[in-house]
Amino acid sequence: MSSLRLAALVLLFPAVLAAQQPANRTQPPSLGPAVSLSLPRIEERRLANGLKVWLVESSEVPLVQLNLVVHAGSGDDPEGEFGLATLTAAMLDEGAGARSALEIADAAEFLGADLSTASSFDASAVRLNVPARALADALPIMLDVLAKPTFPAEELERLRQERLTALLQARDDPAAVATPAFTRVVYGNEHRYGTSAVGTTATLTAFSTAQLREFHAAMYRPSNATLIVVGDIAGAGGFTPIESAFAAWTARGAPAKKPVAAAEMRDGVQVVIVDMPGAEQSQIRIGAVGVARSAPDYFALQVLNTVLGGSFTSRLNQNLREEHGYAYGASSRFDMRLSAGPFAAAAGVQTDKTAESLTEFFNELTAIREPLDADELGKAKNFLALRFPGSFETIEDLAGRLEELAVYDLPQRYFADYMANISAVTAAEVQRAAEAHIRLDDLAVVIAGDADRIGPAVRALELGPVRVIGVEEAVP
Amino acid sequence: MPHVRPLASLVLATGCALAAGAQPSQAPLEVPFRQFELENGLNVILHRDASVPVVAVNVWYHVGSANEREGRTGFAHLFEHLMFEGSRNVPEGAFDTLLEAAGGNNNGSTTSDRTNYFIDIPANALELALFLESDRMGYLLDATSPTLVDGQRDVVKNERRQSYENRPYGMAELTLDERLWPAGHPYHWPTIGYMEDLTAASYQDVVDFFKLYYAPNNASLVIAGDIDYDATQALVEKWFTEIPRGADVAPVAPPAAQLTHVERVTMKDRVRLPRLYLAWLTPRHFGPGDAALDLVASVLADGKNSRLYKRLVYDMQIAQDVTAYQASAALGSSFQIVATARPGHTAAELQAAIDEEIERLKREPPDTREVERALNQIEASFYRQMESVGGFGGKADQLNAYFTAGGGPDFFAEDLARYEALSPSDVQSAALQWLPPARRVELVVEPESAP
Chain D
0 MSSLRLAALV LLFPAVLAAQ QPANRTQPPS LGPAVSLSLP RIEERRLANG
50 LKVWLVESSE VPLVQLNLVV HAGSGDDPEG EFGLATLTAA MLDEGAGARS
100 ALEIADAAEF LGADLSTASS FDASAVRLNV PARALADALP IMLDVLAKPT
150 FPAEELERLR QERLTALLQA RDDPAAVATP AFTRVVYGNE HRYGTSAVGT
200 TATLTAFSTA QLREFHAAMY RPSNATLIVV GDIAGAGGFT PIESAFAAWT
250 ARGAPAKKPV AAAEMRDGVQ VVIVDMPGAE QSQIRIGAVG VARSAPDYFA
300 LQVLNTVLGG SFTSRLNQNL REEHGYAYGA SSRFDMRLSA GPFAAAAGVQ
350 TDKTAESLTE FFNELTAIRE PLDADELGKA KNFLALRFPG SFETIEDLAG
400 RLEELAVYDL PQRYFADYMA NISAVTAAEV QRAAEAHIRL DDLAVVIAGD
450 ADRIGPAVRA LELGPVRVIG VEEAVP
Chain Y
0 MPHVRPLASL VLATGCALAA GAQPSQAPLE VPFRQFELEN GLNVILHRDA
50 SVPVVAVNVW YHVGSANERE GRTGFAHLFE HLMFEGSRNV PEGAFDTLLE
100 AAGGNNNGST TSDRTNYFID IPANALELAL FLESDRMGYL LDATSPTLVD
150 GQRDVVKNER RQSYENRPYG MAELTLDERL WPAGHPYHWP TIGYMEDLTA
200 ASYQDVVDFF KLYYAPNNAS LVIAGDIDYD ATQALVEKWF TEIPRGADVA
250 PVAPPAAQLT HVERVTMKDR VRLPRLYLAW LTPRHFGPGD AALDLVASVL
300 ADGKNSRLYK RLVYDMQIAQ DVTAYQASAA LGSSFQIVAT ARPGHTAAEL
350 QAAIDEEIER LKREPPDTRE VERALNQIEA SFYRQMESVG GFGGKADQLN
400 AYFTAGGGPD FFAEDLARYE ALSPSDVQSA ALQWLPPARR VELVVEPESA
450 P
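Quick note, the sequences are listed as chains D and Y, same order.
Note that numbering that gives the first Met the number 0 has the first sequence beginning at 0, numbered continuously upward.
Note that numbering that gives the first Met the number 0 has the second sequence beginning at 0, numbered continuously upward.
Bear in mind the hints are in silico, worked out from the structure with no lab data behind them.
Note that CB positions come from ideal geometry on N, CA and C, so glycine has one too.
Warning: the hint list may mix true and false statements.
[Claimed, not checked] Pairs of lysine-lysine, BS3-like flavour, derived with a Cα cap of 25 Å: (1) Y/Lys361 / Y/Lys303; (2) D/Lys257 / Y/Lys361; (3) D/Lys257 / D/Lys51; (4) D/Lys51 / D/Lys147; (5) D/Lys147 / Y/Lys361; (6) D/Lys256 / D/Lys51.
[Stated by the list, open to error] Chain D regions said to be covered by chain Y (calculated; three or more residues, Cβ under 8 Å): (7) 69-82; (8) 207-219; (9) 344-350; (10) 433-444; (11) 459-470.
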């Protein structure tokens with residue numbers, strides 16, 4: 000977008016001179032001065048109904064992206080009602096205002112708009128990507144979906160069956176089984192993070208439209224939301240039509256919210272095999288309770304994870320894929336949420352190398368606690384910092400980054416400071432982060448694979464007690 | 000590196016003003032470019048878009064699994080993996096390490112018709128990307144060894160396990176191609192290859208393949224992003240001119256492909272629900288009928304109001320999902336409809352309802368609104384594509400795709416015109432001509448055992 004434009008041209012003039020010389024391949028060409036991030040101006044407003052608004056003008060393409068973020072997600076599901084937040088979000092466009100589900104879809108598609116609803120553990124959203132010239136026509140549809148969903152009983156029944164069937168289908172797929180099985184072992188049945196956002200067969204079966212209405216009424220309020228607008232706002236007639244549309248959203252007051260409780264670390268290494276007879280690969284997840292997005296060592300953790308399993312040249316991928324050829328790829332991730340989400344290292348490995356792969360995982364989880372050398376540290380920091388300016392390319396990218404600021408209450412300075420914050424991370428800070436958050440004595444090891452074929456070798460590793468469960472227990 | 004199957008071409012297509020109705024039409028979006036050819040035959044296309052300080056370096060080699068021979072299926076893709084393992088002046092592992100240390104992102108993919116590679120990198124590291132790209136184009140074999148081939152063979156076998164054998168319904172699409180295309184036709188075998196052929200691939204195969212297909216005259220290079228045209232052209236000349244031209248590559252000459260009957264297949268898989276695949280042989284990418292079949296697919300299965308979705312998923316609720324797409328490819332395409340049954344329902348029920356809807360489309364043209372709705376979606380997706388220069392499907396990749404298809408890199412307007420020109424009766428005609436019930440593959444995946 001034009002607001003991010005950078006005068007990088009000057010960097011190329013030395014190259015023009017160099018082009019007169021034959022190519023010297025004895026060493027890689029040196030890089031020009033690093034590009035810097037030219038941040039777009041974010042205009043902040045607050046509407047009379049309390050809705051916070053962030054605006055970024057960008058006219059590269061005649062499109063506008065509107066993300067209305069509601070600060071309530073699966074983390075706000077009441078006890079025993081796991082799945083309520085995502086089902087509520089999914090039902091928003093299944094009937095709203097005077098329109099039916101089919102009429103909403105037809106109207107949005109006819110405008111060339113992409114109107115969608117979504118929900119995570121930390122937030123829900125109604126998102127609209129629309130040609131600027133059609134924004135005025137799309138706004139009333141978006142407002143109905145956000146503020147006036149009708150939650151028709153027959154549509155709830157249809158979505159319920161769709162979701163129950165999706166849970167059934169997940170049990171076919173080792174990759175889809177391993178992740179929810181892992182979080183259940185790490186967090187248990189009671190903690191919200193122990194169950195997938197979508198809920199379970201039992202909770203899905205029990206939901207009524209009254210519960211959805213109640214959740215919507217409690218949480219979807221201007222004072223509990225942020226509106227992000229990015230793109231060709233001028234081409235869409237300026238902010239006035241957007242302001243008038245959202246000013247009509249009148250739900251007053253702030254919801255009573257209870258943060259997700261901190262999860263307790265379990266003691267010891269536990270191994271769970273989800274039996275999937277005939278599987279050609281074992282889907283492995285190894286990890287524990289990780290950290291919250293507000294972790295003070297956030298930047299050190301980004302560097303740590305990049306080295307461990309966050310890039311192609313990361314240790315896990317190099318080991319399991321490039322060195323041993325056991326897997327198509329291996330990775331790791333700290334899933335940071337409002338409360339401490341899971342840390343997991345993951346790969347799908349060929350069945351007959353499952354135990355060997357586990358050994359390599361543990362080798363890497365052990366080695367990452369040793370100090371990094373300067374090259375590896377530098378590579379990871381550059382990888383994170385230097386690609387950062389490119390992560391604002393599309394209006395959808397930029398709106399997504401702004402959502403992150405809104406949901407985790409990060410300062411606007413966050414973007415401007417990001418590259419410097421990454422650059423400042425030291426090897427000692429990475430080591431402290433590894434020691435604090437990768438504790439080899441407290442790990443869940445979950446393997447979705449063929450128990451008969453992998454069981455004996457896995458047990459022989461003596462990592463900890465081994466339990467074999469069925470897919471129905473893994474994805475209830 | 001993943002091997003990525005081609006998406007329905009609709010996603011990449013452009014669209015326009017028919018849909019706008021009373022609203023003013025938008026200014027045309029242009030993709031200005033500079034094109035030149037080096038003496039060694041390398042075609043180069045430059046496009047400046049400085050919206051973010053990033054440059055996309057995108058290379059297409061005009062070779063895919065269609066160029067393989069039987070007994071060595073999967074080789075073009077296995078070879079793609081070796082392109083990341085080092086070249087004369089780039090030690091093993093350094094390709095990715097250098098790019099990551101510069102803030103870059105890179106990948107490659109193989110289809111039946113081509114192999115593409117992209118490097119997206121901060122603008123200050125353009126020359127590093129050109130060094131790496133040119134070194135593997137010119138001097139790959141100096142670094143390739145039988146050991147490296149063995150290593151990537153294992154990785155690719157695990158890719159096949161992960162993406163096909165261990166993925167629910169993953170083997171169905173391989174079987175579908177075997178039944179659609181006759182033995183001896185290069186689309187008959189899978190791009191990922193057969194396990195025994197992956198085992199058989201040798202180091203000598205790598206040498207031969209590289210010499211024949213990875214010459215500059217069989218490649219095209221697009222550089223898009225925050226660039227200066229003159230400076231970038233000079234850099235391309237500096238790094239690529241010295242690579243020698245190779246022999247001319249003869250185009251693939253496939254045997255005729257024609258279905259003369261209904262090919263029925265039932266497979267078992269470790270799944271809980273039956274899935275139905277219907278598939279027809281259809282015109283090649285950009286051939287007459289190709290765009291109309293994109294619209295047929297859209298009318299049938301894009302969005303809640305599409306005919307198959309509304310009937311099978313929304314109203315009758317006998318299906319969990321339904322998709323339809325024209326899988327466009329250079330030597331010929333296939334049109335596919337895929338639907339998964341809800342618990343308690345059968346593939347036969349799905350097929351009966353789908354056939355009724357296809358017959359209805361053949362009897363009478365779709366409503367104007369149905370077609371306009373589809374065109375408006377196509378138009379918007381075109382603008383969205385204009386925002387990204389890199390990756391798979393960004394502008395650099397699309398310029399290379401259009402160039403390769405023979406229409407010139409800036410084929411966006413002509414591509415759009417293919418759709419603009421279509422009327423509801425063209426959609427009806429395409430269904431009539433290309434979706435005959437008596438000449439198609441009907442493949443059903445059944446659960447191995449009742450859930």
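Outcome of the hint check:
1. Of the pairs offered as hints, the one joining Y/Lys361 and Y/Lys303 holds, with about 21 Å between alpha carbons and a cut-off of 25 Å not exceeded.
2. With a C-alpha separation of about 57 Å, the suggested pair D/Lys257 and Y/Lys361 falls outside the 25 Å cut-off, and the hint is violated.
3. Between the alpha carbons of D/Lys257 and D/Lys51 the distance comes to roughly 22 Å, so the proposed pair stays at or under 25 Å and holds.
4. About 20 Å separates the Cα atoms of D/Lys51 and D/Lys147, which keeps this hinted pair within 25 Å; it holds.
5. Of the supplied pair hints, the one linking D/Lys147 and Y/Lys361 is violated, its CA atoms being roughly 40 Å apart against a limit of 25 Å.
6. Between the alpha carbons of D/Lys256 and D/Lys51 the distance comes to roughly 19 Å, so the proposed pair stays at or under 25 Å and holds.
7. For the segment 69-82 of chain D, the assignment as covered by chain Y is violated, since 0 residues bring a beta-carbon within under 8 Å of that chain's beta-carbons and 3 are needed.
8. Figure legend: the segment 207-219 of chain D, annotated as covered by chain Y; annotation inconsistent (0 residues with Cβ-Cβ distances under 8 Å, at least 3 required).
9. Residues of the segment 344-350 of chain D lying with their CB closer than 8 Å to a CB of chain Y number 3, which satisfies the three-residue condition for coverage.
10. With a cut-off of 8 Å between beta carbons, the segment 433-444 of chain D has 0 residues touching chain Y; three or more are needed, and the interface restraint is violated.
11. With 0 residues bearing a CB less than 8 Å from a CB of chain Y, the segment 459-470 of chain D misses the requirement of three and the coverage assertion fails.
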